[in-house]
Amino acid sequence: MSSHAVNPAAAATTGPPGRAERPVWEEEPTRISRVGKPVVLAIVFLIIAFPLYVVVVTSLSSTEAVTRAGGLVVVPRDLTVAAYVQLLSGGVVTRALVISTAITAVGTAFSLLITMLAAYGLSRPGSLWHRPLLFVVLLTFLFGPGIIPSYLLVNSLGLIDSYGSLILPTAISAFNLIVMRAFFMGIPNELIDSARIDGAGEFAVLTRIVMPLSKAVVAVVGLFYAVGYWNAFFNAMLYLNDNTKWPLQLVLRTYIVQQQALPSGAGGVTASPGLGLTPAPSLAIKMAIVVLAVVPVLLVYPFIQKHFTKGVIVGAVKG
Amino acid sequence: MTTVDEVTTPTEQEPAPAPPRRRPGRPNWRLRLRRDWPLLLMVTPVIVLLLIFHYLPTLGNVIAFQDYSPYVGIRDSEFIGLANFSRLFSEGAFWSALANTLTITTFQLVFFFPIPILLALLLNSVLSVRIRTIIQGVVYLPHFFSWVLVVSLFQQMIGGAGLLAQSLRSHGFHAVDLMTKPDSFILLVTFQAVWKDAGWGMIVFLAALSTINPALYEAAAADGANRWRRLWHITLPGLRPVIVLLLILRLGDALTVGFEQFILQRNAVGADAAEVLDTYVYFEGLLSGDFGYGAAAGLFKGVVGLVLVLVANKFAHLVGEQGVYSRS
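Line by line, the protein sequences give chains A and B. The opening position of the first sequence corresponds to residue 1 in the UniProt record's numbering, with each subsequent residue numbered one higher. The opening position of the second sequence corresponds to residue 1 in the UniProt record's numbering, with each subsequent residue numbered one higher.
Only chain B is shown next, with the shape it has when bound in the complex (with noise of 0.2 Å):
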């Protein structure tokens, strides 16, 4: 460990002057900038950015408040308190919008959640080595792919005009274009979630598995517990802190439901099913240039968002689990 007042970087050429008010144990905050400003400096570059790119954005946001028009500039916009607000609450498009991504949410807790579990559980079990490989160099690949490049695969598989249109054309059945059926697109955007991205979510679920003590199962096998018991009392506690986290993050996500995904298929499908609060942001507010309305509702799912992260993590501690952040 350094110690504070150790100075060695070759930078320092003159002993520093006596600091006049020291706290015990603490050197004077000048000497440390003098010993660390090479650090700071190297720092500099990302803090400038995310001041700029992030958190400047972030208190742009007054726009929701205001009657903006960009030929006027945010500090002369006239302030409209929540009038942006209480229009949006009385839009039926928002409502329908939010309805939307909290089922379609929902929908993909339930049905693509536990996936990666099995899958981790199975791939656990295989044996042979070689398999294992091939399977997990497989099914890691596409989370590296883009969401153009995901749809456009699945167009041409399910499409209009895809393998399984053509085929069953070919075999005298009708067509079926399952990209654009408003009412399966809740199935469509969580099959292309599960195959874009279980396998991924896979590898956090591995990793746990291999800290299990294998001498636990032994154990268990010993005391006569078969292979159900020794996955329910030895495989799922062990697994029981990832999943928890992995749970709070996704409900703190819970407003959030693949942003590129859905604005690359929401005109094939129909606003209906596939308006989502974030596409009804771009949509509404961006395209039609009503950018103090998309601001606030960009700002309702921001800010829903973070009490969903803080509610969560909070439950995560009460419930006894290490949860995604903590105070010290």
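Same shape as in the complex, but just chain A (with noise of 0.2 Å):
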């Protein structure tokens, strides 16, 4: 493919909003694709948006209103932040969105430095070993070591039980080392090799010269990390026994998937809110608990947006 390919995103964020004009050419649109378009867009856009809607609307809600909708709660009435309150005022929810919060921290700090580092040291052509080491990284595409070696492995580094078992063995995406390096191999050469003639060294270069010109790659790859480190529950369901270690994902699949009762008391969710608010109902208590779970997505989500099209599709397309 052409290495000038724009995603038509990249232009509709970056000109001038408003509409394109129909090209004189081109036919009238006919009666159905003038009437269909509209109601297909309108379509696509509720099956995505009203599931979410309808969760908010509902975690916000009193008892009275979930008991009058018969549950779950579609039109909004006398809303309550009391199931927030609740959920964070101590307990399995608030520690877990603490965990998870420091494993996306500190994975994604980790993540993107190797990665950088690793992107840097394999874009210089000509560089010794470049390829065979290339190689290695790239090879891992092609086979995954499968789950039950996988656990054996990590059950013998001593690892069950720690968060290192969530941040190690998941630390590379080959995909996003493949994007970086060939954003900064698109970096011109005259201008690495003139730093080094003033005396720089590689992490100079690396620091001063590479990096600034790359924060779009870098903010998509480590945004993309983040939300992997963010969304991932598959190894902390393998390698987590202990469950008061538990991510936010853990506990959303274990009372919301697999609806177990949330424990309530000191230990579980706080019976009581406080502030004057009444008690949330349950299922407020609940698709709060979903919430909490998309609103980190949604609050990086305009970022990835605004850089992606630029630093990702480009560069992946460019190859």
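For the record, the hints were derived by calculation from the structure and aren't laboratory data. Honestly, I wouldn't trust all of these hints.
[Claimed, not checked] Here are the simulated DMTMM-like cross-link-like pairs (lysine to aspartate or glutamate), alpha carbons at most 25 Å apart as the crow flies:
{"no.": "1", "chain 1": "A", "residue 1": "K215", "chain 2": "A", "residue 2": "D198"}
{"no.": "2", "chain 1": "B", "residue 1": "K181", "chain 2": "B", "residue 2": "E284"}
{"no.": "3", "chain 1": "A", "residue 1": "K245", "chain 2": "B", "residue 2": "E260"}
{"no.": "4", "chain 1": "B", "residue 1": "K314", "chain 2": "B", "residue 2": "D253"}
{"no.": "5", "chain 1": "A", "residue 1": "K245", "chain 2": "A", "residue 2": "D161"}
{"no.": "6", "chain 1": "B", "residue 1": "K181", "chain 2": "B", "residue 2": "E260"}
{"no.": "7", "chain 1": "A", "residue 1": "K37", "chain 2": "A", "residue 2": "E26"}
{"no.": "8", "chain 1": "A", "residue 1": "K37", "chain 2": "A", "residue 2": "E27"}
{"no.": "9", "chain 1": "A", "residue 1": "K37", "chain 2": "B", "residue 2": "E284"}
{"no.": "10", "chain 1": "A", "residue 1": "K37", "chain 2": "A", "residue 2": "E21"}
{"no.": "11", "chain 1": "A", "residue 1": "K306", "chain 2": "B", "residue 2": "E284"}
{"no.": "12", "chain 1": "A", "residue 1": "K37", "chain 2": "B", "residue 2": "D197"}
Quick one: dock chain against chain with the hints and give me the complex.
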């Protein structure tokens, strides 16, 4: 594919807002497409947005609202944040949130650091052994080690029930590494050579020349890693037997997907929200857990969207 | 381009001794090591992690040929040849898991694969930039949700206590729980996959569409081609390399059908409909502590998957497409 592939989204976000003109040679749209297109687009929009809307509204609903609706609430009435206050004042969900946040922060920093170093280390043409080393990375695309040998390895390294088991085995995404390397390779060599002539070592070249030029791709790869760590649940299910160490996704699976009863009282969810609020219904509490799992993704999503068309797609298309 | 015999790193303190045997145009590796050691140092953490957490467990698959016991360890467990595999191939549950996997893959190839293409064509024809941006923003989003979250959302919509069941009940109908029905499970997982990833899959087609030269459309229109002929003779040929590439990738992945998605729902639906190869390895190998047998099932999947990728890529070269990788 040609290297100047530009996603329309990039044009859409950078270009002037408004409406493209229909070219003069194109036929008038038929009546079917004039009616059908907006209908299909509206359906697509609703299929994705509606479940999120219902979950958010229910999480903010009082006991009466839930009872009146007979369950999930579609029409918002007398909203309350009691469910969130109860969840966040200590107990299972608060702890899981802290754990998930910490793993995401530490894991992302670690992954991003070693990915940047390796991407730069493999991006200079003609450097020693870069082909065999690149081959070691690329070969991981072709096969995975399998669940059972991975489990036995983590077990024999003594990482069961440690947070290292949630970070180290999945710390590298070969895809992210290749995307970043492709971007680094696009930086003109003259720039890097002139820095070297001025006496900069490779680390200085990376931090002073390459990274400032690659903010977009570093941001996108970092956000990809962050979303990956936040969403990971299988490794936690495999490697953590101790349920006081569970991240949020595992809590979500246990209490929402498997529908186990949330523990109440000191160890679980606070029974009363305090602050003069009436306790939230258990359905609202459950939906609030779902919302808490989505919110971080929604917060970083605009940044991903802003950068990924430029950074990732163009990089990936160039190969 | 850096010429290889340029030595520009400041770490170079003294001139290197003259290399004894030097291939023409290529400096001695020791000289290059002196120049490139910082680069090698930078690559080291990634290589070490990959060797430990990817290559080492890959070698650990030897337990598929052992009567492995965790108390004895890999080194001292007895080798039993292909006994694990002959047990695997005589097990009805394994064949059922394989059949489920292939059925679901085929079903999704027909009913999932075209949707991102159709979405891209639809969105590409929308003239309003604002509507386009909004729809793109919304359809990409679920790709960044975890499977736990997606399954939770589906449960709240169409599960036994979900919105659909709730409104059916309040209108006096019989409530249905679409999340635990084995008969419609294949539809459910396909719909979930479409909901989560069809929008994301659309990106690459949008990128491909934007590379098609608009003058081609104008010229075709001037020659009297209507919109369907332009779609057939310009748009689809423009998308063909991407379509072939993604088909190859999908074929190479034929034995994988959304691991987490199935692990999460296998118990609610039952093994008959929801057991796929990955869940079989997990439930029959890992959870029941039958490590050697489970590793045999996993190795079968890995090897067949590898062969499928290589075959699909070869096929792509034969029909004149680029494929995933080439020899260069």
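| said: Hinted pair, alpha-carbon criterion (25 Å max): A/K37, B/D197. Please report holds or violated. | reply: Given that 25 Å is the threshold and the Cα spacing comes to 21 Å, the pair holds.
| task | Given the hint that B/K181 pairs with B/E284, test it: the Cα-Cα distance must not exceed 25 Å. | result | holds (23 Å)
| query | Taking only the CA atoms, is the gap from A/K37 to B/E284 under or equal to 25 Å? | reply | violated (48 Å)
| query | When you check the alpha-carbon spacing of A/K306 and B/E284, does it fall within 25 Å? | reply | With Cα atoms ~44 Å apart, A/K306 and B/E284 exceed 25 Å; violated.
| request: Sort out whether B/E260 lies within 25 Å of A/K245, counting only the CA atoms. | output: holds (20 Å)
| 25 Å Cα cutoff - pair A/K37, A/E27 | It holds: about 16 Å lies between the C-alpha atoms, which stays within 25 Å.
| message | Check whether the Cα positions of B/K314 and B/D253 lie no farther apart than 25 Å. | response | holds (15 Å)
| Can the restraint linking B/K181 and B/E260 be considered satisfied, given a maximum Cα separation of 25 Å? | Holds: B/K181 and B/E260 sit about 19 Å apart, inside 25 Å.
| Does the structure keep A/K37 and A/E21 at a Cα separation of 25 Å or less? | holds (17 Å)
| task | Starting from A/K215, check that the Cα of A/D198 is at most 25 Å away, please. | result | Measuring from Cα to Cα gives roughly 23 Å; hence the hint holds.
| field | 25 Å Cα cutoff - pair A/K37, A/E26 | value | holds (17 Å)
| Taking 25 Å as the top limit, are the C-alpha atoms of A/K245 and A/D161 close enough? | Measuring from Cα to Cα gives roughly 8 Å; hence the hint holds.
Hint compliance for this structure: hints 9, 11 are not met, and every other hint is.
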